[in-house]
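Kindly produce the complete structure, drawing on both the sequences and the hints.
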Amino acid sequence: MAEITAIPAPLRPALSRDDRIQGGGLVILAIALSAAIFLPLYAMLSRSFEDADGNFIGFANYIEYFGTPTLVSSAQHTITIGVVTTVIVVTLAFIYAYALTRSCMPFKGLFRAIAIIPILAPSLLPAISLVYLFGNQGMIKEVLLGHSIYGPIGIVIALAFWIFPHTVLILTTALSTADARLYEVAIALRTSKLRTFFTITLPGAKYGVMSACFVAFTYAITDFGAPKVIGGWYNVLSVDIYKQVVGQWNFQMGAVVSIILLFPVLLSFIADRLVQRRQVAQISAQSVPLVPTPNRRFDLIMLAYCLVIAFILIGLLAVSAYASLIKFWPYNLSLTLDNYQFDLMDGGGWEAYRNSIVMAVWTAVLGTLIIFTGAYLIEKSQRYANFRSSLQFIAIVPLAVPGMVLGLAYIFFFNPLTFTIPFTGIELANPFNFLYATMGILVICTIVHYYTVPHLTALTALKQMDSEFETVSASLKVPFYKTFARVTFPVCLPAILEISFYLFVNAMTTVSAVVFLWGPNTHLASVAVLNMDDQGDIAPAAAMAMMIVYTSAAVRIAYTMLTRGLQRRTQAWRQRESVAEPVLNPNP
Amino acid sequence: MSGAEPSANRKDNRPYLNIEGLTKKFGEFVALQDISLDVHESEFVCFLGPSGCGKTTLLRCIAGLDIQTSGRIIQGGEDVSTLPPTARDFGIVFQSYALFPNLTVHKNLAYGLENRRINKEAIAKRVEELLELVGLTGQDTKYPAQLSGGQQQRVALARALATSPGLLLLDEPLSALDAKVRVHLRHEVKALQRRLGVTTIMVTHDQEEALTMADRIVVMDQGVIGQVGTPVEIYRDPASPFVADFVGTMNFLPGAVIAPQRLHLGRVELHCTNGFDGLEPGKVVTLCIRPEDLVVRDSGCEAPNSAIACVNALEFLGAFYRATLDVDGVDDQPLVVDLPPKLIGELDIRVGLEVTVVFPEDRIRVFATS
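So the sequence lines, in the order shown, correspond to chains R and Z. Here this note's numbering = 1-based position in the first sequence + 29. Here this note's numbering = 1-based position in the second sequence + 55.
It should be emphasised that the hints constitute simulated quantities derived from the structure, not laboratory data. The reader is advised that the hints may include incorrect statements.
No more than 25 Å apart at the CA atoms, straight line, and that leaves these computed lysine to any residue pairs for SDA-like [what the hints assert, rightly or not]:
no., chain 1, residue 1, chain 2, residue 2
1, Z, K245, Z, L92
2, R, K506, Z, E183
3, R, K511, Z, L92
4, R, K506, Z, R172
Remember, predicted model here, so these are calculated numbers, not experimental data.
This is the structure we're talking about:
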């Protein structure tokens, strides 16, 4: 009989109560995220292979799509808009961010705040303003020398305005982390300013610039508001989806166009991931932060540039603010609040505005809770390493799904009363159908749509916390959730407030994700802007858009004050400067 | 200070902590290879080794933060091999202190106590006790950021001791501190450990720290234990060239065995009292001797166990001079000798001078050349 030496199986660690609770939380998160992202996308994908009656017809819809010249042209248009907008907005934002970080011009804080303004508005707003400025009865339409604002020119300007803050934020971060000593060496070696810029500044900000390009491109090709209002006959994919679904009730073709739109976004997303993976820390612990030195001529040029940009940003906003107060442009310029009588117009009235606030509050509260807790479980759980890294991937996916696509996918997933399990023919009642056309589906869709950025914010904040807090708590036999409540949550409060603000404002301004999902009882302000504009009530549309801006701005101010107050209250333990060692007793 | 020797506290011969055949793999990489070790009650043991030697992994296995691939850990008579950290009995201090930044010193110290159904007065009393123990009385309302690094480390230590754990684990606790504070805290931690009699394991890459603080040192290299012994044993009697090289400064010279206790070095024959078991005559060996054990004399004098050498370089290091000598007949391997300043003057030692260097016979260690 052959003797077999038994190789002992690896020890299986006994799970603690903490491990089990964390594991349970992670499983719930995985199920919820998968159900909210992948199942709807699957529903949409399968719909693109079906005819109107739900029969499988293979690639017939795609063949029909590519045989329709008007549809194919909008794919080309979309890419054109994406590339042109990206080049323009990243160039403008780079110079602006350069002025903010590398010059000694005055009012930097003010310019920083002004750059953020477009975030507070839906993308419909710059488009409406452009109509007032350059439209058929525009205030200064002569400037365009006979070109029409309705079309690519209008779309690009509106998108550049709306995407500007996102790119400025990325580029400011990229440009503010520079090692002063590289520049000192350059001066010591008598390198020209221009050569220094191309050999030190630009390479240092390379990954930031790339990231800004991907973000700008993605936002430009997926936005729905701007091309809807000002696109005219210049059709793009996002508007096509809307037209197919809402205009022609052609859901299959809507699904096909969605899949087409998904491709460039996915490519951009993958490229961004690859670039970020190659990014290594530019700044080491020994780096000396760069402090710009005054240079009168350069500082004045930068100031002039920022003034021009700030003028445009504020100007576009002011046009809508002004237009919303005018009786009947351009014939009766007397001021009035009539345009704010939303209840007298179609589109949902003040009820829509109230719904938007309710939706934004729910999104901010629930979203922050889910996203932060989820990020905590993914980052700080002690076990399940593989499971956690796959969840980490799922949390990034929403960034690659355009709002229009997600919204449409939600119709396909939540609307049917029954669904069929693939290849089995078994029909089941749809357990999620009760959510259709409710506030609930709007909140879920918005949280999922904007999941990734707050998730990354939370992750960054959590990574900055000592990874040994959990270990120490375990050694002191304190359950992890107590440490979460007493230490992690308070220490991360600034990031948590930031996440809430981000979710609130995006919930207020979003159109794309929710345009398919609102119901008779859940009109939303941003959708009301769209519908009123559609019906020619452009002044009330501007008024509703301004209500969104005022609300977002108020929340922004509240957020800033809260953050300041928090900083003051927690100053004692957040201070970073080192404390000198007390005089030591030589004979302990 | 009640100088209770650790050995005096041992109640019986059963070790408090018993590690048996412990192996830890990360994928294909073997971080710990068949480690066996006993730690006795009230003992202060240091895991010493270069980074990547597995010392921190071993500490994490003891704490339950990493579970070993195979092998057993028995603590206080109980098999804790697969238990999670929460089910084990230890307090831990990290290099980063890991103090909760938003809690005051008082709340940090009370953190583990509040979870144990102890009433408020008892907690307050215990916190006072702990503050006194680490010399921070009156600092209880401060936040960690308002304390110096040394003070923060003391709070971390007090917090780890708050619940009176049976085992104290210290993971490079002094590495983040300034040199002077570090030396000062060494004494304090050691004194505190003696007073409380708590069994302690400290991980460090700093040999001086290990030599001054430990009752026993466990020198580790590439996942295995190189030597276990008291600081004096480790320093005087290293078990391998690695240990000899890692702890203190050591000369490594090429030699050849002539007979038991006799070997060739260059042109001379040396006698050494340490036998070299299993090394046959003619075998090439490595001769080890510490710089401070060598004696330098005038070149003319006839001394047993000596060689002629030439001063190649002389370096002033404050308390002593470090001379580099070329030994006659030994090429490519200079000999480092530590000399008191007084001797430099007496012998007028300078670069280029010829001297006699004496190898005390009981200070020579010999290893087979690998």
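Now the hints, each set against the structure:
no.: 1; hint: K245(Z) / L92(Z); verdict: holds, 22 Å
no.: 2; hint: K506(R) / E183(Z); verdict: holds, 21 Å
no.: 3; hint: K511(R) / L92(Z); verdict: violated, 36 Å
no.: 4; hint: K506(R) / R172(Z); verdict: holds, 12 Å
When each numbered hint is compared with the structure, a violation occurs for hint 3 only.
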